[in-house]
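*Asks:* Sequence:
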Amino acid sequence: MQEALLALNTYWSKQGCLVAQPMNSEVGAGTLNPATFLRVQGPEPWRVAYVEPSVRPDDSRYGENPNRLQTHTQFQVILKPEPGNAQELYLGSLKALGIDIEAHDVRFVEDNWASPALGAWGLGWEVWLDGLEITQFTYFQQAGGLTLDPVSVEITYGLERILMALQGVSHFKDIVYAPGVTYGEIFGQAEYEMSRYYLDDADVDTNRELFEAYAKEARRLLDLRLPVPAYSYVLKCSHSFNVLDARGAISTTERARSFARMRGLAHEVAELWAERRAELNHPLGTGTGVTETAQDTAEPTPAPEPDGRRTLAFEIGFEELPPAEAERIVDSVREAVETGLGATRLGHGALHVAATPRRVVVTLDAVEPAEPDGEQSVRGPRVSAAYDAEGAPTPALLGFARSQNADPAELTRAEFGGREHVVLTRLVRGRSAQAVLAEVLPAVVSGLRAEKNMRWNASGLSFSRPIRWILALLGDEVVPFEVSGLVAGRTTRVHRTAAQPVVEVAVADGYMELLARHGIVADTAARRAVVQAGAVQLAAQVGGVVDLEGNKALVDEITNLVEFPTPILGTFDRKYLDLPDQILTTVMRKHQRYLPVLDAEGRLLPYFITVANGACDQDVVRRGNEAVLRARYEDAAFFWRADLDTPLEAMQERLQLLTFEDKLGSMADRAQRIASTATEFASQLPIGARDLITLEKAAGLVKFDLGSQMVTELSSLAGVMAEVYARQAGQPAEVAQALFETELPRHSADRLPESTAGALLALADRADLLSGLLPLGGAPTGGSDPFGLRRAALGVVNILRAHPALSPLTVSGMLRIAAERQPLDVSVESLDEAKQFVVRRFEQQLLEAGHAVQDIRAVLAQADRPVRAAARLAELEAAHGTEPLALATAAVQRVLRIVPAGTEPTPDPTLFSATAENDLHQIVVKLRTILGDHPDLTAFLQQSRPLVEAVDAFFEGVMVMDQDLTVRANRLALLATVQQLVTPILSWTELK
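Numbering (the working numbering), first residue to last: 4 to 995.
Rather than coming from a laboratory, the hints here were simulated on the basis of the structure.
Note that this is a predicted model, so its numbers are computed, not measured.
Heads up, a few of these hints could be off.
Unchecked claim - In silico DSS-like cross-links for lysine-lysine, where the CA-CA straight-line distance does not exceed 25 Å:
1) Lys555 <-> Lys593
2) Lys176 <-> Lys555
3) Lys455 <-> Lys593
4) Lys98 <-> Lys17
5) Lys578 <-> Lys555
6) Lys219 <-> Lys239
Can you build the whole structure from these sequences, using the hints too?
*Replies:* This is the structure:
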């Protein structure tokens with residue numbers, strides 16, 4: 004290990020890095036060292052590399068877990084400003100460590116880092132070596148709540164992981180630290196004793212006192228304008244907090260208060276550091292960034308336009324995009340190109356757009372040499388103002404002609420909006436294709452936007468990841484343009500491990516084929532087909548299958564993680580099959596992006612499919628991925644054994660330590676609210692005794708698994724582990740099922756609760772979310788929905804629709820019951836907004852299912868009971884095209900148009916003077932008796948003809964707006980009874 008540390012020090016010092024020393028106090032990560040947290044602030048350039056022993060009390064495992072240590076070794080690199088080729092520099096460091104990057108599968112996998120306690124965040128990647136995360140690679144955007152300019156690159160190596168992979172050992176204790184000495188021999192005792200201290204023996208009162216003392220000292224030093232010593236005490240605060248957290252001594256309120264306190268101190272430190280460096284006139288200078296050398300710095304001399312049409316090849320190259328962005332960018336770039344070209348007269352053929360994690364490629368066929376000539380008309384003043392009575396030009400006309408540099412005699416006349424104006428019409432020469440594209444393509448680059456955007460050293464650009472090159476060829480000529488220092492050229496970049504990673508392109512024709520020859524499958528569908536076919540073939544070799552449909556989202560993600568898919572079959576020890584399948588497959592899919600292999604009956608086999616990027620030594624990559632999965636499964640087995648030794652009640656007690664939301668209390672508070680809310684729901688339903696007993700038992704344990712080690716580590720297993728652990732603890736099967744179903748549905752395509760108890764708990768869970776978080780401003784904005792409230796609202800709708808027996812429950816009623824249990828006052832207005840939020844999701848669901856807008860809006864008044872609304876919609880659609888619906892709609896809309904809002908349906912029959920009035924009144928009374936309080940549409944239409952005829956006769960034989968105001972009011976009141984009868988059925992005004 005010491006050789007690796009020396010190699011990294013040597014490599015990075017040759018790249019201009021100062022070799023610094025670790026912090027002389029406990030820090031949880033190299034990021035917290037002042038050489039990072041303080042030095043990334045302000046304009047001074049800074050390149051540094053250092054080893055950082057990182058202390059994380061909560062990762063204490065007494066030295067027993069092969070992959071978890073309370074003190075692990077990080078190697079930290081900061082490059083400020085980011086140099087434009089940090090990924091290439093990093094890969095060079097792996098070579099310096101002796102890693103053959105051509106044999107191994109080295110990948111940059113999306114990871115967006117944030118530290119709320121420090122007010123710091125950035126975008127970047129985990130770097131994987133054969134499936135093992137070995138490095139965190141981040142473009143810092145903020146630290147201490149301050150926006151960083153210039154942007155820094157942070158590279159954080161996990162040395163134990165790298166050395167375990169290089170040395171082929173499965174436990175950190177077996178790492179050879181120096182010749183003849185192992186890691187365990189040097190640090191094993193410290194791991195055990197410090198784990199004992201952090202988990203069992205640290206004095207809580209003493210550490211509370213230390214936290215307070217350190218915070219006060221940091222405050223005092225800030226007041227003295229000494230940011231460096233103040234920051235050292237912020238770090239001591241952080242460590243004391245981490246010790247208390249590991250001891251389970253931090254309550255919800257204390258956690259929120261402590262985090263806010265540390266965040267505030269860190270922010271003040273950052274501000275004061277920046278001020279002090281400015282006062283010192285920035286001793287290290289004010290470097291503004293190093294821009295990459297563009298591939299074609301000189302603009303080509305445009306050649307004479309050829310007579311024939313040519314192909315355009317346009318490529319924007321990135322550092323690895325997140326998979327979701329690699330998918331979205333195809334549509335956004337296509338739209339941008341179509342919009343840009345649509346504003347020109349340039350003729351062209353078919354447009355093709357494809358994308359990989361590192362590029363989006365546009366090819367445009369049959370581009371015309373130039374735009375055709377056209378005419379441009381400029382409207383001048385009205386003719387009446389352009390000429391006087393004698394027909395001579397007025398000053399208005401002469402001024403217009405001068406402004407257009409035109410002779411008044413050139414002006415003609417044209418009509419605009421019914422008025423005649425003078426017009427100047429000019430011949431506009433068509434621009435060359437080069438000129439048009441040099442205007443359209445830069446706008447495509449500068450207009451790129453993602454869900455999360457970052458800055459780098461290209462001023463004015465902001466996107467998901469840095470843009471590093473632009474290729475733009477029209478035929479064999481470069482389209483000359485520049486965007487924020489990036490000059491379009493004729494070179495592209497292929498695999499970084501290729502013998503020639505930068506390739507010059509001679510001509511646009513056949514560009515996709517050229518990429519394919521260099522191992523780049525640009526088309527997403529083609530990559531997906533390779534992944535699927537390879538997985539199926541490899542699984543068949545061991546008598547297994549891959550559930551491609553069930554893993555569709557994972558296949559899509561894998562497809563957009565690679566440019567050239569290389570499927571590889573791996574295996575794991577059968578002993579791990581003793582763990583629940585859900586644990587094994589979650590680790591495979593969520594953490595490693597592996598496809599599980601199943602037998603014909605759907606049982607898990609000890610095999611998996613991984614997909615490498617490009618050519619590699621498949622045996623090396625297979626062994627590496629198998630080692631990673633083995634380590635993951637060892638972790639899972641550790642958590643599994645620990646949880647089985649823990650009573651359910653003890654897990655439940657840990658919920659007190661989990662913050663739900665500062666103003667809404669702990670997760671224990673939330674669990675209690677869910678239990679109480681579900682019980683109240685049940686009291687409004689005709690539920691059998693067995694279901695009530697199941698609900699009572701499940702409600703008493705709801706959310707307990709969030710206090711388990713397994714769910715803490717693998718949060719997506721919430722609910723799944725509740726069922727497993729409940730069964731292991733001897734709870735009845737129906738109780739275990741209800742605990743699992745509390746979490747359903749977890750996504751739009753997920754299954755729904757089947758049991759009544761599970762459905763009620765799931766509804767209570769979502770009602771608690773909506774009634775608590777929406778009033779606090781947690782409503783989704785754009786694509787951001789951090790609390791999953793859209794999913795919660797749709798879950799309410801889907802559960803109610805799946806359980807007609809729960810139809811007595813209304814959306815508004817459930818929200819009100821949940822709101823009554825919140826620790827804050829929820830206003831009537833907030834509850835109505837929450838109800839409308841659910842209704843809008845229901846409306847969107849119906850639209851996406853293909854129902855007509857007018858039909859949906861006609862039944863939305865029933866949406867407080869989604870089952871009733873859906874049934875009414877089905878009735879309405881079935882009635883379309885029938886005479887009863889057409890006649891009833893016409894009659895009802897005639898009534899609704901004339902009745903003023905607020906008219907009371909209380910006519911006085913003694914004031915009726917016409918037979919038509921009496922007839923209509925009697926028909927309404929009769930129909931009300933026949934249809935009852937909750938009439939359905941079908942029954943109404945079957946009985947509607949007498950009403951339609953009575954309404955028609957009324958309007959033909961009665962003057963509604965009689966001069967006698969008493970008579971008029973009585974007739975309107977009579978019509979209001981019709982309105983009162985039909986309004987609960989449909990919103991008739993929405994129908995056409």
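*Asks:* Would you check the hint for Lys219 and Lys239, treating anything up to 25 Å between C-alpha atoms as holding?
*Replies:* It holds: about 11 Å lies between the C-alpha atoms, which stays within 25 Å.
*Asks:* Holds or violated: Lys555 and Lys593, Cα atoms, limit 25 Å.
*Replies:* Roughly 13 Å between the alpha carbons, so the hint for Lys555 and Lys593 holds.
*Asks:* Is the hinted pair Lys578 and Lys555 satisfied, with a Cα-Cα distance of at most 25 Å?
*Replies:* 28 Å, violated
*Asks:* Going straight from one Cα to the other, do Lys98 and Lys17 come out at no more than 25 Å?
*Replies:* Given pair Lys98, Lys17 holds - Cα atoms ~14 Å apart, limit 25 Å.
*Asks:* Hint check: Lys176 vs Lys555, CA-CA at most 25 Å. Holds or violated?
*Replies:* Violated - the C-alpha atoms of Lys555 and Lys176 are around 39 Å apart, more than 25 Å.
*Asks:* Given the hinted pair Lys455 and Lys593, is their Cα-Cα distance within 25 Å?
*Replies:* Holds: Lys455 and Lys593 sit about 21 Å apart, inside 25 Å.
The structure is inconsistent with the numbered hints 2 and 5, although it conforms to all the rest.
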